[in-house]
Every structure is written in C-alpha cells, then in structure tokens.
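Order-wise, the sequence lines are chains A and B. Using the numbering used here, read the first sequence as starting at 18 and increasing by one per residue. Using the numbering used here, read the second sequence as starting at 18 and increasing by one per residue.
Among the clues, some could well be false.
[As the list claims (entries may be wrong)] Straight-line Cα separation of at most 20 Å, SDA-like style, residue types lysine to any residue; simulated pairs:
| # | chain 1 | residue 1 | chain 2 | residue 2 |
| --- | --- | --- | --- | --- |
| 1 | A | Lys71 | B | Asp31 |
| 2 | B | Lys71 | A | Lys71 |
| 3 | B | Lys72 | A | His36 |
| 4 | B | Lys143 | A | Lys71 |
| 5 | A | Lys72 | B | Lys72 |
| 6 | A | Lys72 | B | Arg34 |
[What the hints assert, rightly or not] With the Cβ distance kept under 8 Å, some of the chain A side facing chain B (calculated, not the full set):
| # | residue |
| --- | --- |
| 7 | Pro229 |
| 8 | Ile309 |
| 9 | Val310 |
No wet-lab data here; the hints were simulated from the structure. Every value quoted in this text rests on a predicted model; they were computed, and no experiment measured them. Glycine included, each C-beta is placed from N, C-alpha and C at the ideal position.
Residue strings, one per chain:
Protein chains: 2
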Amino acid sequence: MLVVQKYGGSSVADPERIHRVARRVIECKEAGNDVVVVVSAMGDTTDDLIDLVKKITDKPSDREYDMLLSTGEQVSIALLAMAIHSYGHQVISLTGPQAGIKTNEVYNKAKITNIRPQRLQAELAKGQIVVVAGFQGINENDDITTLGRGGSDTTAVALAAALKADVCEIFTDVDGVYTTDPRMVPQAQKLDSISYDEMLELASLGALVLQPRAVEFAKHYNVLLHVRSSFNHNEGTIVKGVDQVEKERVVSGIAHDLNVAKIALFDVPDQPGIASKVFKVLADANVNVDMIVQSTMRNDSNDISFTCPHDDLKKAIEAMEEITKTIGAKGFSYDEEVAKVSIVGAGMVSNPGVAAKMFEALADEDVNIEMIATSEIKVSCIIKASQVKLAVLALHNKFELEKLGSSVKS
Amino acid sequence: MLVVQKYGGSSVADPERIHRVARRVIECKEAGNDVVVVVSAMGDTTDDLIDLVKKITDKPSDREYDMLLSTGEQVSIALLAMAIHSYGHQVISLTGPQAGIKTNEVYNKAKITNIRPQRLQAELAKGQIVVVAGFQGINENDDITTLGRGGSDTTAVALAAALKADVCEIFTDVDGVYTTDPRMVPQAQKLDSISYDEMLELASLGALVLQPRAVEFAKHYNVLLHVRSSFNHNEGTIVKGVDQVEKERVVSGIAHDLNVAKIALFDVPDQPGIASKVFKVLADANVNVDMIVQSTMRNDSNDISFTCPHDDLKKAIEAMEEITKTIGAKGFSYDEEVAKVSIVGAGMVSNPGVAAKMFEALADEDVNIEMIATSEIKVSCIIKASQVKLAVLALHNKFELEKLGSSVKS
C-alpha cells in the first residue's frame, strides 16, 4: 500500500511529540507500506512568526509573508526526518517546491494547480520515507506560496491524489468525525464513515477536523480519507464517496457555529437588481456572506437578511450604511448574539419531512428560529446564541444519533 | 554603481535593528545605486535551531541539518524585505537557491561552484532592491546546502563577483580592519586599506572580521571589499589587490591567537617518511594542524613540534600515544598555555630584517620564543600565553603601527 499521512502542528509541537510521530510513521513503514508524511509547522511557530511581522510593519507584502511563514514547515520536516533517521530508517525531507507542488500566483491562499511527483516517486522507489512540508508550494515565477489556513490537509490530499495513494490518513487530536461536538453532547457518536458531501457541510459548518478545500479535493479525485487520532490506534472515520456510504442514514451529524452575526435590511424596494446591488457592495468590502434570506413583506417591498462571521460585522455595517441610502431602504439592524445549528445527512434528499422534524424538535424546546436555509443534504437555522446547546441536544435526540457509530468512550 | 552589502546576524538580531539596516540599504539605493543585500540569520536563531536538533538526535543527517539551518536566513530576508517595503521602496527577497547560488554536494560546508544571476539581474533591472539569503545554496540534486561558518561573507563576495559589482560592503560591529586588536592595544589603528593576502593572513590568524574563504574568493575575482561599521558612516577598510595598496608599508598588522596548543615529539628516528607517518595519523584523526617545526638535534634523531587548536588537543594526544610506539620515538609533551603572535605585511618580502626586528622586540621584553614559522608576508611565533599582551604591545610599538591609518577614536 501507498499511505499518505498528515500530522498537524500540535502533533509536532515539541521534540518529544516529534519522536512520537516518527515512531508512528515507522510503524506504518514496517507494516510494509510506502509512506509519505505531510507535516505542519510546530505548535505556535506560525503565530510567533506573525508576531515578529507585527513588530516590523502593519502592511507586510504578501509575497514576503509567504517567504517567511513557509520556514515553519521547513523546520518541522527537517526535525521529523532527523527523528525518523535516528531510529535507523531511510528518510528524506522535501519542501513543497521540492515535492513539485505547483500553485497559482495568489500569495497567502494559493491554490494547487498541478503536482509534479517525479522526485517524490524516485525517493519512494529508493525505499525512503518521504517527509513533505505542508501548506506550501511554488508558483510559476519560482516564488514560494502558502495555501492558507489548514493548507497542510490540502497538501496531503493533493499528494495522495497525484501518487494514487491507497489512503490518506489525517491525524488529529480527536478520534474521528462525530455526530456532533462531544464537548457539548456527551452522547455524541464517532461515525465509522461519512460521505465527502456530508463532511464538506460539517467542515464548512465549523466542525474543523478537516479543511473544506481538502475535502473538495478528495471528492474530486476520489481520495479515500481516514480521519483518526494521533494519540491511539483506534479506527477513525473513513470519508469516501456517497455510493460507498450506507444510505439508510438520514441525518449523520449536527453542527453548530457561534461565529455568526445576523444583519437585516428593512423595507427594500421590490425592484429587479436590488439584491445584486446589496451583495455587490458586501463583496467589494470583502464580507464573507453565508446565509441569505429574502422575504416579501408587502407588495412593494422586501426584507433581506444575511449572516456573516463576527470579524466581518464592522465592514458589513459600513456597507449597509452606504447601501440603505443608495437603494432607499428604510434601515437595517444587526445581532451578534446568534448561532447557527445545522443537520447534515446525505439521506435527506430521499426522506421528506426531515426539515419539519427539525423545526418540531426546536419548537418543543421553545427555541425560536430566526432564519432558515436548506441545501440538498443540510438544513440550517439561525437561533439565539444562548440556546445553542439546548438545540443541539434536542436535535441529537430527535434524530437518534446516539444509535449511530461507536460511542465516545470506545 | 552596483553595490553588494552584507549584514551579519547581530545587525539583524531584532525588529529595531532590522529597521536600521533597512534605512541604511535605502540610503545606498537613494544615492543612485543598484543594491543587493546579503543577510545572515537573526542573532541567536542558528544556535536555537541547533539546540532543537540536540533534543531530537545526537547524529543529525547532514542533509536535514542544512534543510533546517537554512530557514534562519529565510526568516531574515523576508523580514528585512518587509521593513524596506514599509518605507515605500521596491524590494524582493530571494533564497540562496532563487538567487542561483549553486554549490557542490558537501552538506554543512558546501562550496559555491557557480552562480546563475539571471533572476537577480532581472529584479535589479526592474528597480528592485534585492535581499538575498546568505550562507545557503542548492546542489545538483536540487537540495539545499549551507556554506559553513561565516558563509554569508562568501555569498556576498560571490554575488559581487558574478554581478561585477563595483564594491562589496561588509558591515560589522567594528570600524574596519585594525593594526591589532583594539581591545588589547588602545593605540591600534584602523587601516585605510589592506591587500587580500594580508587580510587572508590576519583572518586565518584569528582577526575574524572576514571569513578567509570570502577573502580568497574576493582575491580570485578581484572584488573590491569595504569592511565598515553598521553603527556609523565612517569610511572603513578597503581590501584590494596588492598592486593597489601602498607598498612602502612593511608590517600592516599584529595578530594573536590564544586558541593554540603545542605538542612536541622527542627523539624521532631520522628516517625518510617519518614526518609523513606522523601527520598522516593526525589527519586521519581530524586534527587541524597549524604550525610544524622540525629540528635535527643529533645526527640520528629529530624533534618534531606542531600546534593545533585546543579542541583538537585530546585527539592529537591519542594520535601521539599511538605513533610514538609505531615509529619508536622517545616520547612527547604538550602545552596548552601558549599563544601565537604574528606580524603580517605584504611589504615584508622586499624588506629583509623584519623577522630579526620582531625577535628583538620580543627579546627586549623577555618573551621567550618557543616556535617560529614564516611565510612570504607573515612571521609567527609561539610564546607563553601569559605574555601575549606584552608581546603584541611591544611589536605594535616596534613597527610604529600607531602611525598607520586613522586612530580608534576617530
């Protein structure tokens, strides 16, 4: 088998943990596999580098920022290779550029455009364990780029795709993907498997075991993912295509997100092009808009509501002050004390009444629903932030998720 | 003019100093020059990385060691480029590999074999200040190498040669090259100029303002060096070809070195091949032998004495225990409490009696000479370590070096 393993920054935060990762990698190699290991920067390294930048300038050049940050992963790969070598195994570290990871020219959040795995394959053919720096690549100008937050997941999945690896193991500090946040709901269950689409929804809803872009990549190239703990040898959660996942499961998980603010624009004239103007202004202000709801209140005007992360609220308010005048809306309000709860499940499509069951569960607990958005495999509701725990518990019970997968204590 | 500037690790040790270097670079650019800047790793970064290695393994792979250490300079170039950029100047940083610095395959102390300056020249042509990582390059396998201690000097000189720069400015924490150590002799004078050969002798004798390899490189490609302070704008010392230096100066400087141990081998049979056997054993043991003196005592046996750095003494003693038996010598002695004082001057060749004058000066102060070695532009004596200050002062006075160059206080 060819196995790609990915370890995050907390797994390599100090020399002792680096040695633990080294032994885990060697286990996999000694089981007869070819092994490629992708690592992130050690613990707080990236934050420390960013602190240094702040002491130099408020507006660092994007290119130089990537030049700087990419050193974090380069330190990790060298140290991990030394640790593996100290156990007598053949190993070589490669930077993103050396591993042939080509990206577009967008610094700080570059996208992988191509992988030239020749060097990597040659090293594997020599029997080497190959340790690759996550999060980084090289653009057409021969300049170093970084892939943005969680980029090491994407590196691992992209390498697994390019090398046609049998599995891409993502090591985290949890045992796998859960039906909901186990810190909030003790009955939360670890799922044995989940589809790419469900994982995508869960990831983008704040269940951050896997970066959404990495999941998209895995879906596109059909890379089998195994999300598992770096602290034990339990089987984790397999992420794979929907046809490989048991379809009878209607709802697979409950996600929640507290990093949500709601903005409502009142009495917007009911004319074509109004919504486009509103969201153009928000886009120009770089506001990350999530849910959008428009409802007709009277014959001649609408209310438009949307949500965004807390960090973008200030920009959104400024944009709304501008737009209310331009389009002749009556005004707007905002609320930071809201949360999003979502149910996710690939089986929803063929099971009518799932949304209704969700609303019923919330109503039974006196949870007021302020906004609703649906997709093929997800229903999300905006509720009061103070009721989020109550809501998640109610939904977990309603859809009997404690009967899924293995229990937390396993 | 095209100017290459080199700043060492202490010049970029913290954000404030990085800003100071940035302003100095910009001054040079605003004076109408094209500027290439070579920097080392910030302050203690390299030592911190080495400490990390020690916690991982006793025997790090040489390749991974270079992969690790090269990150130090990459951090410096990114931060310096950000600082220069913050003043509104166009700037780009390049790693050693990006700057086209090709080396042989010897990790940890690679030698530059070739420079492909196309990228660098293209950036200069765009009006950019170019900041290059010192100390590092890339070998034929596309792997990162480092040049060993003081490698950034070599990077700067090699780039100056490849770009045909008008001058290579080496910034240090002293004002230039002195007739002797100003901390020991207050009358020490800064030299306005010195020849490559003299600088080489001074450098290899412990006056560490410039790395010997860098001086050799400068001599070979006739690169004009300017050693000057990063703390003020005083003219420093120009290092250039001997025909460009005032030749009437007989002695340019006095060097001393306390890191010396002396080993004497007694009653060595006077047979061909004996010396070769002795020094073969020392070479095999990696002992860095400096001075060698052989004297015939009687008709049938010799004494052989040599010096080495303190760190190598233990290995040297082990080698001597082995060799005395093999070759039938009577025994050996060693002494750590010795020092080397040297006079250096390109004018010596054409001025007989310089050595005699040196011995006279030492005799006048009752300094006993234990070994003597001479080259075309240098005379070195081994004396008691306790007398080194006395000897340096006496020599400085004897050769009237206080009349050379500008005074320390200038």
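Results of checking the hints against the structure:
Restraint check for Lys71 (chain A) and Asp31 (chain B): the C-alpha separation of about 12 Å stays at or below 20 Å, so the hint holds. Proximity of Lys71 (chain B) to Lys71 (chain A) is assessed by CA-CA distance (about 30 Å); at most 20 Å being required, the pair is judged violated. For a cut-off of 20 Å, the pair hint linking Lys72 (chain B) to His36 (chain A) stands: about 10 Å separates their Cα positions. Taking the CA atoms of Lys143 (chain B) and Lys71 (chain A), the gap is about 28 Å. The hint is violated against a cut of 20 Å.
With a C-alpha separation of about 30 Å, the suggested pairing of Lys72 (chain A) with Lys72 (chain B) is violated against the 20 Å cut-off. This hinted pair checks out: Lys72 (chain A) and Arg34 (chain B) have alpha carbons roughly 11 Å apart, not beyond 20 Å. The interface hint given for Pro229 (chain A) is violated, since its Cβ lies 28 Å from the closest Cβ of chain B, which is over the 8 Å cut-off. Given hint, Ile309 (chain A) at the interface with chain B, is violated; its Cβ is 38 Å from that chain's nearest Cβ, farther than 8 Å.
Taken as an interface hint, Val310 (chain A) does not check out: its beta carbon lies about 43 Å from the nearest beta carbon of chain B, beyond 8 Å.
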